[in-house]
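**Student:** Throw the hints in and build the complete structure from the sequences for me.
Top line first, the protein sequences correspond to chains A and B. Residue numbers for the first sequence follow our numbering, beginning at 2 and rising by one. Residue numbers for the second sequence follow our numbering, beginning at 2 and rising by one.
Just so you know, the hints here were simulated from the structure itself, not pulled from any lab data. The model shown is predicted, which means the values in this text are computed figures rather than measured ones. It is possible that some hints are incorrect.
For chains that are exact copies, the list does not tell them apart, and a pair is met inside one copy or across any two.
Said to hold, decoys possible - Lysine-lysine pairs mimicking DSBU-like chemistry, simulated, CA-CA at most 35 Å apart: (1) Lys283 x Lys125; (2) Lys564 x Lys363; (3) Lys288 x Lys531; (4) Lys511 x Lys531.
Number of protein chains: 2
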Amino acid sequence: MAILQPIINIAEILVTKNVTDAIISPGSRNAPLTIALARHPQINALSVSDERSAAFIAMGMAQVKNKPVAICCTSGSAAYNYAPAVAEAFFQEIPLIILTADRPTEWIHQHDGQTIYQENIYGKHVKASYQVGADYSHSDARWHIERVMNEAINTANTFPKGPVHINIPLREPFYPSAEEQVVFERPRNIRQHSAKASLSQETWEELLSQIEDYSKVMVIAGQDAINPEVNQALQGLQEEFGFVVVGDLIANTKGDFIANHDLYLGQIDESYAPELLITFGKSVISKSLKQFIRKHKPEAHWHVQSSTHVIDTYQSLTDIVSIAPEDFFKELFESLDMRAYKMGDEEKSFAYQEQWFNLERKSSRYIHQVLRDSDTWNEFSTYYKVMENIPAGSQLHLANSMAVRYANYLHLPNINEVEVFANRGTSGIDGCVSTAVGAALATDAQVYLLVGDVAFFYDRNALWNNFLPSNLTIILENNSGGGIFRMIDGPSQQPELEPFFETAQKMTAKLTAEESNMEYLSATNFEQFKNILTTIPQNSNRARLFEIHTNSVENTAFFKKFKTNFIV
Amino acid sequence: MAILQPIINIAEILVTKNVTDAIISPGSRNAPLTIALARHPQINALSVSDERSAAFIAMGMAQVKNKPVAICCTSGSAAYNYAPAVAEAFFQEIPLIILTADRPTEWIHQHDGQTIYQENIYGKHVKASYQVGADYSHSDARWHIERVMNEAINTANTFPKGPVHINIPLREPFYPSAEEQVVFERPRNIRQHSAKASLSQETWEELLSQIEDYSKVMVIAGQDAINPEVNQALQGLQEEFGFVVVGDLIANTKGDFIANHDLYLGQIDESYAPELLITFGKSVISKSLKQFIRKHKPEAHWHVQSSTHVIDTYQSLTDIVSIAPEDFFKELFESLDMRAYKMGDEEKSFAYQEQWFNLERKSSRYIHQVLRDSDTWNEFSTYYKVMENIPAGSQLHLANSMAVRYANYLHLPNINEVEVFANRGTSGIDGCVSTAVGAALATDAQVYLLVGDVAFFYDRNALWNNFLPSNLTIILENNSGGGIFRMIDGPSQQPELEPFFETAQKMTAKLTAEESNMEYLSATNFEQFKNILTTIPQNSNRARLFEIHTNSVENTAFFKKFKTNFIV
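**Tutor:** Structure below.
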């Protein structure tokens with residue numbers, strides 16, 4: 002085994018750099034890595050057979066822990082099954098250390114099993130991709146692996162964070178003899194001392210002098226983790242300077258901000274449009290918000306982000322500000338407060354803000370009125386009641402495609418105490434359940450997943466493992482197919498609606514729950530639903546699955562009425 | 002919709018070129034393609050939600066029909082879920098037309114959902130990759146799509162066949178209005194008239210003059226479909242010229258050839274090694290066969306294949322012969338028969354062949370003796386009995402990883418009338434069930450899948466669709482984990498065996514069968530097993546799942562004894 006010592010040391014380098022979780026998928030080619038990861042006393046290693054699910058579980062863990070998680074698989078198509086999660090992690094900027102075992106390069110395409118072209122297999126969806134040699138006896142080869150692992154982990158951890166791939170060819174033998182001790186050597190830790198980005202005095206003054214031209218300033222928060230410093234600064238900017246702060250549920254802007262915009266943005270005119278738009282974070286769920294700003298372009302648009310990549314979601318970007326959002330908004334608030342600069346016209350600013358708050362109040366009343374005492378049995382009403390019962394301090398995961406859309410209409414007060422997650426990097430339905438499983442493994446908080454039936458069954462291998470955590474509750478809204486296609490106008494008018502868009506499916510999750518030893522409740526009416534609602538906030542000693550059955554036609558009718566009956 | 006007419010025409014081009022099957026995964030971005038494929042009267046379109054399974058189902062169909070099947074998905078990670086099947090199809094040389102809808106290029110990485118880097122996403126695992134524009138109004142854009150589709154389908158169909166990818170950016174609106182008629186225009190069909198490859202008289206004479214130097218000639222058949230012409234020529238070469246013909250089960254060499262080699266190759270000396278090796282087809286299962294030839298290299302090794310790519314499985318290749326195997330072996334047989342050339346020493350040739358036949362007879366007797374009346378309840382014995390009961394004329398699919406290995410020891414006489422398939426392009430466990438589902442959809446024959454529990458549950462979404470064919474029978478050998486790791490020496494001696502290699506799993510398929518409305522039988526002993534055996538050859542009006550429960554420790558003990566007790 003000594004010849005594979007540099008491979009064994011990978012586990013030690015990970016630990017040295019504080020990567021202490023690994024999801025391993027079984028295989029023979031990756032056996033030396035498996036042994037190293039599983040045997041290292043400071044690594045928490047778990048085995049997951051389906052690599053697609055394994056990578057999403059790791060991503061869910063990494064997101065909650067805010068540090069990289071390692072994933073490790075054998076050669077061949079195993080590596081490709083990681084790809085959906087790798088792309089999601091890349092666009093969500095979640096660090097992953099992807100360790101794929103490979104056959105030595107000379108064996109590619111030689112009709113000798115389990116060998117594909119693994120080098121650079123994730124294309125542009127990793128921050129960096131490394132290929133090492135297959136022979137580890139020369140000291141330069143050891144140096145190479147040590148150096149690559151250092152760079153890879155440093156890169157994954159550097160803002161914007163993200164996945165990195167190390168492809169590791171291995172020759173037989175893969176296993177130490179039974180008597181052999183696996184010894185971890187102390188490899189070098191090449192530390193990356195990242196500088197803290199800050200703007201020069203001149204840049205600040207230039208930005209601040211611009212602000213004097215504008216009275217209507219809007220901040221749109223994209224997807225991000227809860228950031229109390231950002232929230233506090235935004236609250237200050239709103240209260241003292243008349244800023245309008247808009248945040249989807251996944252922006253985790255906790256405060257009295259604009260949140261019901263999805264309901265009314267289609268109805269408002271350009272008087273609501275900002276002159277200066279400031280954005281930060283990642284994607285925005287609300288399509289109507291994006292369309293509104295693209296239609297009524299601001300005079301200036303500043304985007305706060307660390308890279309030079311031009312992300313111009315609103316087709317109006319004028320300035321990229323490369324510092325951390327918390328630093329930017331704190332400094333902006335303090336500068337407006339202390340320095341000579343001020344907003345264009347303070348009165349106008351607050352009038353602008355009041356316009357938005359009026360809509361927000363009116364829509365809030367409407368939402369609660371319609372949904373609180375709704376007596377029609379339909380999906381959207383059950384979302385409202387489920388969300389009302391999510392306890393403070395827990396995590397809420399929203400699956401694509403309808404769950405995240407429904408929930409974005411429902412910024413209920415209790416959600417201000419709940420962190421909200423969704424796979425909006427690529428917006429796929431392929432790993433929503435696994436991501437929630439990973440999150441639950443990484444936190445002591447209660448983790449709730451709201452998911453539709455197609456996304457649930459697509460990723461049901463998330464539940465096929467030996468460590469389903471008891472703090473996981475899945476609330477499955479089963480409408481027997483892809484209900485989203487009935488919601489949107491185009492497909493609902495086509496003869497292909499049922500067979501090709503909705504793709505009706507008849508399964509219920511009862512048997513899946515039973516197989517995975519989960520607590521299971523189901524409801525087909527309000528009476529049964531009450532039982533689920535009472536149980537939601539309680540703790541449990543095993544993972545839970547609550548299934549709510551509704552009818553897609555009725556759901557569509559109710560939700561359409563809900564949207565059209567609100568008149569600005 | 003008229004602006005999307007070139008997209009609508011894609012369906013017509015497919016049909017013109019005899020691509021008449023499409024597996025569609027639901028999405029909005031691919032709606033124009035979905036409508037075109039679903040509405041075309043000559044296309045058989047099916048909807049499958051999980052893209053990973055969808056692509057393997059299409060591959061299974063394409064393999065049986067021996068013509069391309071189209072797959073069509075929405076933008077984002079959907080395309081990545083196709084990748085495992087694309088890689089398998091590439092290495093197995095199965096044609097697929099991959100149609101991925103995309104957002105227009107300018108929207109990539111703009112924090113606007115369901116957008117990844119789709120161009121060239123399958124790397125080297127497609128024969129060709131095309132990117133078209135997003136605007137279809139200019140006549141050159143129509144010309145581009147028409148031309149690209151022609152080239153793509155021609156390429157997929159040209160030997161060696163394989164998958165091709167067309168990435169299709171689309172702008173809204175995706176849907177025709179309810180009144181609008183979808184009209185298929187008649188696009189150009191650019192036909193590829195491929196020449197038939199044949200060797201010159203000089204080349205033939207050079208090859209034949211080489212044969213005069215050798216007395217020990219071996220043919221090794223790699224994975225291929227049943228080819229009666231090849232089999233007949235090989236039979237002739239064996240009978241009249243003393244050739245030794247070796248074929249794994251997946252080579253589908255039907256005849257009295259060498260087939261039990263996996264059992265004894267570890268024990269024989271170089272007197273069994275060929276002087277001239279002739280190979281054709283794709284991969285070989287038997288690791289001991291590959292190792293034997295690599296150790297005892299032939300003086301010459303001819304590989305019959307169409308491309309210039311050097312596939313040197315045995316590290317001894319001297320000649321690549323680029324004509325079809327049936328042409329090669331027929332011509333070789335006739336030339337040896339008619340021309341002046343002859344083998345080196347005829348007597349020596351037949352003595353060499355007799356050496357092999359001796360082993361083959363002895364091992365056959367042994368295999369039947371041990372397994373026919375085996376009274377220990379173990380996996381390998383049940384494989385024997387299951388395979389004995391596969392009726393002539395049916396298809397046998399062997400999943401990776403143990404199923405295909407066990408079965409390769411069991412060339413029972415009835416299997417000479419059965420075509421055998423396995424995903425040995427990449428040897429992954431990720432799509433074995435879906436591939437069998439696709440095959441069953443494409444044939445009227447009975448399709449039997451032999452699969453272990455890890456491969457089965459990994460790909461159980463294969464059963465999550467609305468058209469499970471009644472000619473499908475799955476025989477699931479459930480040993481509660483990755484039994485293969487207990488079989489091989491390395492991992493079985495490690496403390497990680499159970500948690501990280503075997504990765505024990507407790508599920509049975511009973512509930513999965515119930516959910517999918519499949520006929521279900523199970524056995525935990527010989528008495529119950531009899532019932533399964535009687536049922537196997539019968540026809541059924543719905544898909545069937547027979548589950549056989551065995552114990553991994555006992556399976557390993559039995560199989561090891563089976564192998565070591567045979568002494569050459």
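**Student:** With reference to the structure, classify each hint as holding or not holding.
**Tutor:** Quick rundown of the hints versus the structure:
For a Cα distance limit of 35 Å, the shortest separation of Lys283 from Lys125 qualifies both inside one copy, at 18 Å, and across copies, at 32 Å. Taking the closest pair of Cα atoms, Lys564 and Lys363 come within 35 Å of each other only inside a single copy of the chain (14 Å); across copies the shortest separation is 78 Å, beyond that limit. Proximity of Lys288 and Lys531 under a CA criterion of 35 Å is satisfied intra-copy only: 33 Å inside one chain copy versus 60 Å between copies. In this assembly of identical chains, Lys511 and Lys531 lie within 35 Å of each other by CA distance both inside one copy and across copies; the values are 18 Å within and 31 Å between.
Going through the hint list in order, the structure satisfies each hint without exception.
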